[in-house]
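Peer 1: If you want the building blocks of each chain, they are given just below.
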Amino acid sequence: MSDGPLIVQSDKTLLLEVDHPLARECRASIAPFAELERSPEHVHTYRVTPLALWNARAAGHDAEQVVDALVRFSRYPVPHALLVDIADTMDRYGRLTLANNPIHGLVLTSTDRAVLEEVVRSKKVAPMLGARIDGDSVVVHPSERGRLKQALLKIGWPAEDLAGYVDGQAHPIFLDQEDWTLRDYQQQAVDGFWAGGSGVVVLPCGAGKTLVGAAAMAEAKATTLILVTNTVSGRQWKRELIARTTLTEEEIGEYSGERKEIRPVTIATYQVITTRRKGEYRHLDLFDAQDWGLIVYDEVHLLPAPIFRLTADLQSRRRLGLTATLVREDGREDDVFSLIGPKRYDAPWKDIEAQGYIAPAECVEVRVALDDEERMTYAVAEPEERYRIAATAHSKLPVIRRVLERHPEEQKLVIGAYLDQLEELGAALDAPVIQGSTTNKERERLFDAFRSGEIKTLVVSKVANFSIDLPEAAVAVQVSGTFGSRQEEAQRLGRVLRPKADGRQAHFYTVVSRDTLDSEYAAHRQRFLAEQGYAYTIVDAADLAGPGEVNGPDWVDEPAD
Amino acid sequence: MSTEAPATLAAWLRTRSDEQLSALLAARPDVARPAPSDVVALASRLAVPVSVDRALDELDAATLQVLDVVLLAPTDGVAPDELIAALPEVADDVLVATIDTLTTRALLWGDDVLHAPDPVRRSVRHPAGLGRRALDLRLHLPADLPAVLGELAPDELAVLERLAGDRPVGHLPDVPGNGASSPARRLLQRGLLARIDALNVELPREIGVLLRGSSPYGPPRTRPEPAVTAREPKVVDRQAAGGALEVVGRIGELLTLLEEEPAGLLRSGGVGVRDQKRVAKALKVSEPDAAWLLELAFAGGLLDVGGPHRDEWLPTRAYDVWREQDLADRWAVLVAGWLDGVRLPSLVGVRDVAGKSANALSPDLVRHTAPAIRRSALAVLAELPAGSGLAPDDLTALLRWRTPRRADRLAPVPDMLAEAARLGVLVNGALSTGGRGLLTSGEDGAADGMRGLLPAPVDHVLAQPDLSLIAPGPLVAELSDTLSVVADVESSGGATVFRVSEASVRRALDVGWSASDLHDFFAKASRTPVPQALDYLVDDVARQHGRLRVGSIESYVRSDDHGLLSQVLSDRRTAAAELRRLAPGVLVSGLGADEVLTVLRDAGYAPAGENPGGAVLTRPPARARAAGRRTGAEPSPAGRRPSDDELAAVVREVRAGDAALAARRGEAVRQVPGVTTASTLELLSRALREGVPVWLGYVDAQGSGSQRVVQPVSLVGGFLQGYDEGRGENRTFAVHRITSVALVEPDDAQARPGTA
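Chains as they are written, first to last, in our numbering: chain L, 1 to 561; chain X, 1 to 756.
Bear in mind the hints are in silico, worked out from the structure with no lab data behind them.
From a predicted model like this one, the values you see are computed outputs, not experimental measurements.
Hints may contain errors.
Going by beta-carbon spacing under 7 Å, a handful of chain L positions derived as facing chain X [unchecked claim]:
no., residue
1, 9
2, 11
3, 42
4, 77
5, 409
Ideal placement from N, C-alpha and C gives every residue a C-beta, glycine not left out.
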């Protein structure tokens with residue numbers, strides 16, 4: 001019996017014992033075909049899904065390598081049936097290829113006639129196919145390229161797309177690396193993407209996804225359409241592009257609710273594209289407005305369904321997806337795979353943190369006991385009101401203040417979901433509040449002030465869930481949220497993970513009301529953070545040590561305070 | 001019994017040595033029990049169609065081909081030399097051995113000339129894949145057959161050639177309109193095919209032989225030599241161990257699940273689709289896999305019908321023993337149950353002809369041939385060296401050659417092989433050491449073969465901050481039991497991932513754990529430091545737990561008169577009732593209501609019993625168990641092979657009976673009226689075939705006996721038709737009224753009994 005670090009489970013999850021001497025080597029071998037699902041302290045969980053296996057195939061790994069890695073590192077004998085199943089699944093990728101034929105145009109070809117017969121007979125696929133050329137190939141209408149790939153994936157025969165890309169209209173873009181350089185992993189991500197043609201790059205929040213986008217543009221040297229989640233994030237992109245590339249302000253257009261500029265590089269929000277009037281999408285022309293050579297999707301995991309439909313028609317353009325997590329709460333990972341492309345690069349949070357590119361974070365859950373009156377209100381409340389009552393309890397206020405006092409010198413964010421509570425906090429803490437209705441101009445003014453250190457504390461609503469960039473926030477305090485959503489948690493944590501100038505530790509506080517729904521949701525949050533490998537401590541509000549006090553979680557960091 | 005060749009099977013048997021008779025009985029054990037009284041009785045047993053079929057079923061294709069040569073010979077009886085000459089492609093020594101196989105089993109008899117007994121002729125429907133003779137098909141073939149065949153259209157010839165292959169019988173194509181247009185129908189009209197019923201036609205033997213040309217018995221049917229894949233036996237064993245680990249783990253989970261909530265027994269037997277779905281969902285496997293696991297647990301005797309109303313599928317008592325065994329033994333129980341199980345799990349969900357699909361554990365899945373098929377399939381693999389295996393198709397082809405007459409039974413073989421692979425008996429078509437052990441020495445052999453390959457159980461877990469506990473290997477039963485209370489299983493396999501949740505902690509508190517018990521347990525069971533979050537969780541739940549109190553008492557005493565209750569409580573005579581006050585107006589006792597009533601009555605009070613109405617909580621009954629079947633081998637359908645001593649005893653008995661018979665008159669074949677012996681029929685049909693008259697002893701319907709010489713014409717349906725030479729008339733004789741029969745020597749005009 002060998003003593004490997006890996007245990008293979010029946011449900012195709014892989015458990016990796018991280019303290020094992022072979023753990024690092026093992027992780028490198030299994031990473032191509034297994035998605036890291038959880039990475040708590042001792043044992044990490046990877047999952048082998050068909051999608052992950054096909055991702056591996058797309059990246060040039062074969063079944064033999066996968067089976068060999070499992071057998072070599074496994075502590076216990078691996079059931080033969082499981083290995084056979086993995087090999088079979090991988091074998092399904094690439095039986096079908098989409099390619100350009102000089103005579104017939106786009107053609108679906110198979111090396112296995114039986115597969116093609118099965119596919120041709122499928123009710124979902126048949127309408128997208130044209131005339132049969134011979135036993136092994138069939139014509140595909142070019143406009144169906146994306147939808148066909150989607151449908152083929154659904155029936156378990158993912159097609160390899162070799163039909164290539166149009167170059168688009170050339171536009172000179174260069175990186176301006178005078179005072180900075182692309183980090184190794186960013187360069188690897190760009191290389192991986194460019195070699196594969198289209199696909200998704202997975203990097204944690206704060207790891208510099210924007211730069212990967214910019215570098216990809218410099219590689220393409222063509223007109224580029226960038227799709228972002230909202231206007232603030234769009235402006236952020238613009239600022240970064242101007243600073244890091246040879247692009248000038250005039251070359252970058254903003255296509256949003258406020259402005260409709262189409263320039264060689266155009267940044268559009270998801271929202272404006274999916275705006276409908278009289279049931280019709282009114283801004284679809286944007287995709288045809290230029291001969292785009294590259295389309296960048298920021299935060300691909302938030303990509304709304306209508307954009308998937310539009311993306312299906314853009315299969316001949318190069319597509320780059322950027323995200324911190326491939327996990328979509330709507331479970332549409334397979335659409336990302338078939339329409340944007342397979343995963344081209346992935347780096348675990350902890351690895352990048354270890355390289356010092358994102359700040360280490362400490363997560364603290366502070367438990368607040370409600371006073372009797374609040375408890376009674378909570379006890380008799382309607383079920384749908386309960387969470388709001390628990391999350392917005394007034395007893396939290398002194399605790400929040402105390403938490404903030406622990407970090408007098410830091411830039412602090414207070415994040416919440418309920419506007420009443422935020423207004424109240426803003427007034428009590430004497431801090432400006434940013435919420436959905438705050439104008440973009442006002443937002444930017446406040447962000448600038450925060451960045452420069454004029455303002456130490458900001459109270460923000462859900463807008464903080466999206467790509468705003470606050471480089472110096474070192475402390476985040478969340479007081480309420482949307483029911484412990486993992487995505488929200490990842491985003492909020494991302495706010496404080498950007499590297500600090502002096503490498504200080506980031507602090508991520510969650511203030512919860514004890515014995516209520518609030519603490520139940522906190523349990524989801526806690527599990528998520530623990531699974532990501534963050535240290536998570538629970539403190540009673542009464543035990544919360546002040547700055548400089550012994551056992552105050554920050555006392556090692558800032559002993560002088 | 002001189003130098004003359006024996007005339008009947010019985011006579012020939014008499015000439016066989018004791019060893020040869022023993023060999024016959026060993027090869028055809030069904031005739032040995034109960035011991036036949038004499039050689040004639042033995043011969044008649046050997047002629048029983050079922051026995052003949054069984055003997056023929058066990059022969060391989062090459063042996064059957066040799067038999068075909070005898071059956072197809074124009075004369076009754078073929079000399080061994082002729083037989084060898086008839087199959088020039090087959091090596092002579094192989095043929096000699098084959099002939100010996102056939103004579104040992106008395107499927108051919110005779111020494112200088114080999115005869116085929118009539119039941120054998122009847123049992124082989126289409127010898128060498130050829131049809132009956134034209135004469136028997138009532139077909140008059142044209143005189144110049146080759147010329148006629150030469151003139152046929154190509155499509156007609158194609159039909160004939162196809163029928164000249166393995167099967168002489170074919171379906172008439174269903175042609176709408178003018179049926180005459182199809183080649184088969186044209187051939188029918190020409191008289192080259194015979195119609196045997198509305199749909200089927202048969203090709204006469206003569207045409208088949210003609211078309212086959214130089215090899216009338218078809219190509220030589222030698223043993224197929226499939227490609228053998230050889231792998232490192234160690235690798236095979238390791239992968240087998242993977243399968244074994246998986247299946248043992250799954251079965252354990254399944255039974256734990258059914259222990260908590262048994263599956264219902266359907267009225268038609270078996271487990272309902274809903275329960276199957278539930279199992280599949282809980283175990284995170286597909287529904288067919290769930291059915292397979294249910295079947296396997298049943299085959300291993302770990303699951304059976306039980307419960308108070310015998311309407312639930314429950315773990316058996318054997319399960320309690322099983323779960324304490326080490327992994328190799330647990331595995332051995334499962335594979336041994338599978339090997340000898342008479343059910344075909346692969347049929348679950350398969351629709352029968354009526355379109356009804358079979359449920360798991362339904363009685364419809366019983367196939368008594370299943371164990372024999374499994375064993376024969378694995379036996380083929382066991383002949384290969386360790387680590388070597390065959391592809392499923394090759395294995396099936398080999399089995400088909402070994403027992404061609406049972407080829408129709410081989411349909412489940414691919415599924416059986418797949419099951420064996422899942423169990424770790426096979427890996428890539430090669431037997432694992434455990435599988436080999438299973439085949440040769442049963443359960444113990446299987447366990448020995450697998451021992452050392454399966455991980456030793458671990459006695460600790462790794463607690464993680466995300467509240468998961470990881471058992472990095474199979475757990476010792478005790479820890480596994482405890483963990484199943486305090487945590488939920490999230491994934492299983494080589495390791496088990498447990499998750500501690502609010503619900504699971506509450507469950508532990510509910511069954512009597514205290515918060516400090518839980519802290520201690522986690523600290524002791526976990527090899528990693530217990531994460532702070534886990535301690536908080538336990539404390540949080542424990543703080544909420546128990547604010548409502550529920551106790552368990554046997555009985556209560558209540559009264560609106562609080563004074564009376566105080567009096568009862570302070571009364572020394574009621575001390576035996578162990579009463580205590582729970583609330584004003586309510587006393588409770590740990591004793592049963594009847595006992596408390598007795599004590600109170602004895603003390604002079606006048607209490608009345610009260611309907612429980614849900615207020616009384618009784619101790620939960622012990623976990624229900626099904627009685628389970630007695631473990632032990634299923635009786636093999638072929639019957640146990642008699643031991644050498646038994647065989648010798650039977651032979652002795654036959655010889656003694658025979659000696660007694662020989663002391664009587666040397667009549668040929670006698671019989672008690674009403675009992676048709678096979679020998680009678682055999683002699684009659686031989687006479688019919690050779691066209692010789694027979695001497696008959698006959699009793700007519702009035703009871704008067706007579707002796708006649710009859711020229712037989714036909715023997716159909718228990719009646720012999722023939723020309724009575726003495727009386728000069730055609731007569732029909734009921735076979736069961738024939739008391740004795742003998743062949744009349746051709747040169748002998750006088751009717752007299754033939755030599756026996």
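Peer 1: Each hint needs a verdict: does it hold in this structure or not?
Peer 2: Cross-check of the supplied hints:
{"no.": "1", "hint": "9", "verdict": "3 Å, holds"}
{"no.": "2", "hint": "11", "verdict": "5 Å, holds"}
{"no.": "3", "hint": "42", "verdict": "5 Å, holds"}
{"no.": "4", "hint": "77", "verdict": "4 Å, holds"}
{"no.": "5", "hint": "409", "verdict": "28 Å, violated"}
Of the numbered hints given earlier, the model fails hint 5 alone.
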